[in-house]
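Protein chains: 2
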Amino acid sequence: MTRTPAERAAAVLAGDVRTAARLMRDLDDEVPGAAETMGLLHRHTGKADVVGITGNPGAGKSTLTDQLIGAWRARGLRVGVVAIDPSSPFTGGAILGDRVRMQRHSADRGVFIRSLATRGLLGGLSRSTRDVVNVLDAMGFDRVLIETVGVGQDEVDVANTAHCSVVVLVPGLGDGVQALKAGLLEIADLFVVNKADRPDADRVVRELELVLELEGGVRHGWRVPVLRTVATENRGVEALLDAVEAHLAHLRATGAWQTRLRARRQGELTDRLFHALRRRSEAAIGRAGGMDTLLDRLDRGEVGPDALVSELLDGAP
Amino acid sequence: MTRTPAERAAAVLAGDVRTAARLMRDLDDEVPGAAETMGLLHRHTGKADVVGITGNPGAGKSTLTDQLIGAWRARGLRVGVVAIDPSSPFTGGAILGDRVRMQRHSADRGVFIRSLATRGLLGGLSRSTRDVVNVLDAMGFDRVLIETVGVGQDEVDVANTAHCSVVVLVPGLGDGVQALKAGLLEIADLFVVNKADRPDADRVVRELELVLELEGGVRHGWRVPVLRTVATENRGVEALLDAVEAHLAHLRATGAWQTRLRARRQGELTDRLFHALRRRSEAAIGRAGGMDTLLDRLDRGEVGPDALVSELLDGAP
Numbered sequence: 015m016t017r018t019p020a021e022r023a024a025a026v027l028a029g030d031v032r033t034a035a036r037l038m039r040d041l042d043d044e045v046p047g048a049a050e051t052m053g054l055l056h057r058h059t060g061k062a063d064v065v066g067i068t069g070n071p072g073a074g075k076s077t078l079t080d081q082l083i084g085a086w087r088a089r090g091l092r093v094g095v096v097a098i099d100p101s102s103p104f105t106g107g108a109i110l111g112d113r114v115r116m117q118r119h120s121a122d123r124g125v126f127i128r129s130l131a132t133r134g135l136l137g138g139l140s141r142s143t144r145d146v147v148n149v150l151d152a153m154g155f156d157r158v159l160i161e162t163v164g165v166g167q168d169e170v171d172v173a174n175t176a177h178c179s180v181v182v183l184v185p186g187l188g189d190g191v192q193a194l195k196a197g198l199l200e201i202a203d204l205f206v207v208n209k210a211d212r213p214d215a216d217r218v219v220r221e222l223e224l225v226l227e228l229e230g231g232v233r234h235g236w237r238v239p240v241l242r243t244v245a246t247e248n249r250g251v252e253a254l255l256d257a258v259e260a261h262l263a264h265l266r267a268t269g270a271w272q273t274r275l276r277a278r279r280q281g282e283l284t285d286r287l288f289h290a291l292r293r294r295s296e297a298a299i300g301r302a303g304g305m306d307t308l309l310d311r312l313d314r315g316e317v318g319p320d321a322l323v324s325e326l327l328d329g330a331p
Numbered sequence: 015m016t017r018t019p020a021e022r023a024a025a026v027l028a029g030d031v032r033t034a035a036r037l038m039r040d041l042d043d044e045v046p047g048a049a050e051t052m053g054l055l056h057r058h059t060g061k062a063d064v065v066g067i068t069g070n071p072g073a074g075k076s077t078l079t080d081q082l083i084g085a086w087r088a089r090g091l092r093v094g095v096v097a098i099d100p101s102s103p104f105t106g107g108a109i110l111g112d113r114v115r116m117q118r119h120s121a122d123r124g125v126f127i128r129s130l131a132t133r134g135l136l137g138g139l140s141r142s143t144r145d146v147v148n149v150l151d152a153m154g155f156d157r158v159l160i161e162t163v164g165v166g167q168d169e170v171d172v173a174n175t176a177h178c179s180v181v182v183l184v185p186g187l188g189d190g191v192q193a194l195k196a197g198l199l200e201i202a203d204l205f206v207v208n209k210a211d212r213p214d215a216d217r218v219v220r221e222l223e224l225v226l227e228l229e230g231g232v233r234h235g236w237r238v239p240v241l242r243t244v245a246t247e248n249r250g251v252e253a254l255l256d257a258v259e260a261h262l263a264h265l266r267a268t269g270a271w272q273t274r275l276r277a278r279r280q281g282e283l284t285d286r287l288f289h290a291l292r293r294r295s296e297a298a299i300g301r302a303g304g305m306d307t308l309l310d311r312l313d314r315g316e317v318g319p320d321a322l323v324s325e326l327l328d329g330a331p
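These protein sequence lines map, in sequence, to chains A and B. Following the numbering used here, the numbering of the first sequence begins with 15 at its first residue and continues without gaps. Following the numbering used here, the numbering of the second sequence begins with 15 at its first residue and continues without gaps.
Take the hints with a grain of salt, since some may be wrong.
Because identical chains cannot be distinguished in the list, a pair is counted as satisfied if it fits within a single copy or across any two copies.
Here are the simulated DMTMM-like cross-link-like pairs (lysine to aspartate or glutamate), alpha carbons at most 20 Å apart as the crow flies [stated by the list, open to error]:
{"id": "1", "residue 1": "Lys61", "residue 2": "Asp42"}
{"id": "2", "residue 1": "Lys61", "residue 2": "Asp211"}
{"id": "3", "residue 1": "Lys61", "residue 2": "Asp310"}
{"id": "4", "residue 1": "Lys61", "residue 2": "Glu259"}
{"id": "5", "residue 1": "Lys61", "residue 2": "Glu229"}
{"id": "6", "residue 1": "Lys61", "residue 2": "Asp313"}
{"id": "7", "residue 1": "Lys61", "residue 2": "Asp156"}
{"id": "8", "residue 1": "Lys61", "residue 2": "Asp30"}
{"id": "9", "residue 1": "Lys61", "residue 2": "Asp216"}
{"id": "10", "residue 1": "Lys61", "residue 2": "Glu200"}
Derived by calculation from the structure, the hints in this document are not laboratory data.
Assemble the whole structure, with the sequences as input and the hints as a guide.
Here's what the structure looks like:
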């Protein structure tokens, strides 16, 4: 692996899966040369349609993702997937899950699945996710799917990164008002009620539609639909795919597609800047004798928190 | 309101609710003098027991919080609450909810409830939360309860801030393996299965206990228990409170209480540093002509993302 960034970039552009996977890992680990390679790939990004899919644990997102991959493949489209698995914010460990479930696609060259664990560091997740999305984009995948869990800053970031955000709900998990409360309404371009064969599915759909009506439910001239699926039986998946594709076509027709791409670019630049800043602050803490020394000084009341921050950043005594 | 930071700090320490509420707002808005006031309060913090309570939307956390407040009050303890309501990551707007539900405590001087909305900015939530916790701590509240939704970076931060983390689950929302997958196991000091009168509650409790057994289920010598509540009927709340208090006593007995306080202090310092760095990066973007100018330069391929970040941070052309 003594190839130059230019050679690696060329291999990724040619669709070399092994080089791409290695580059993703190297970007994550900040191996020298990886950022340079990504810099060369940058102008080849901005072509893929990026679709986010989020929902609470147990909503059936992984199964739905699996079905969506199959449906896109049947339409001749190549699909890259980033599955963000916050299984272990503390240990970074991986747990049996999405990977195994999606193994039926593992022999398909038109599908590339990358799982990421939360790092437990501010901005860490976003940066890795964005890098993987960009590598998949540069490789020429037609659709890039980002699967996340729950609703938090990560999901807001994903909504800002994706062209189309799909929010998956299930009956029995709260009602439309809960969805509203959880901030899902601002994120969703499409709602999916999965496990729609459950008895209380109709009520959830009605409540969501009611809440959408009350709140406008229109984003950039797009009326947010509520769809039903039974992912385990592959029911409703084609209709969901049609709706996703209709939303992407709508974005392209109105120019909103470019606006969202630009928002993604802005997020990337901000992330990158933050990351560099965090590195610098870690270095400053190190120069000041390490975190324990600083906390001891705070505990003894020698210095206040704000004065300490100024000292760290400006190098003043 | 032309009081000096010292006067405001004295008023907060004397338990003046109005001054405390104003200080929390001012800290959030970064009104000049607020950080100085907090600096003066800093050495009066580190006394309260901080308890986190988290779970998915619809798990009944708000009702449970309400009941816990009542139970603590009945034991003569004063309770501060930070309810983090991510109702609207984009607009910051507030939605009818926790505040209304907890109004029965509004005339009680032994209870202080503060709702926060997610800001949609990296680190914004954590900083506000930590500030509010510290003000409540300085005011002498015996217990400070932090209520959050779901599992994300915010909840991991809360777990790192709190002495005791309570995770609320409900039947029908997935099983023990889902909890494991969602990273709840690393966060929880206590599990609560709320709505325990539902038919499948036993199954959820059993699965959780099984998963806990497989994974060890012991943190710092504390065996993580699984409790049952029916918050709407105030059933199981006393037993939950007993378990929380037993955990706090365990932490004090083993010295882990101080370790967790120190972890909170470290998080505070890191947040503060990060926030200062973000301010600086925003200023750098402004000096470089604003975000749009930078994105245009990237789009035209004049500069790569990494070179641009170096330019922004080092002021190089």
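Indices of hints not satisfied (ascending):
Violated hints (numbers, rising): 1, 2, 5, 9 and 10; every other hint is consistent with the structure.
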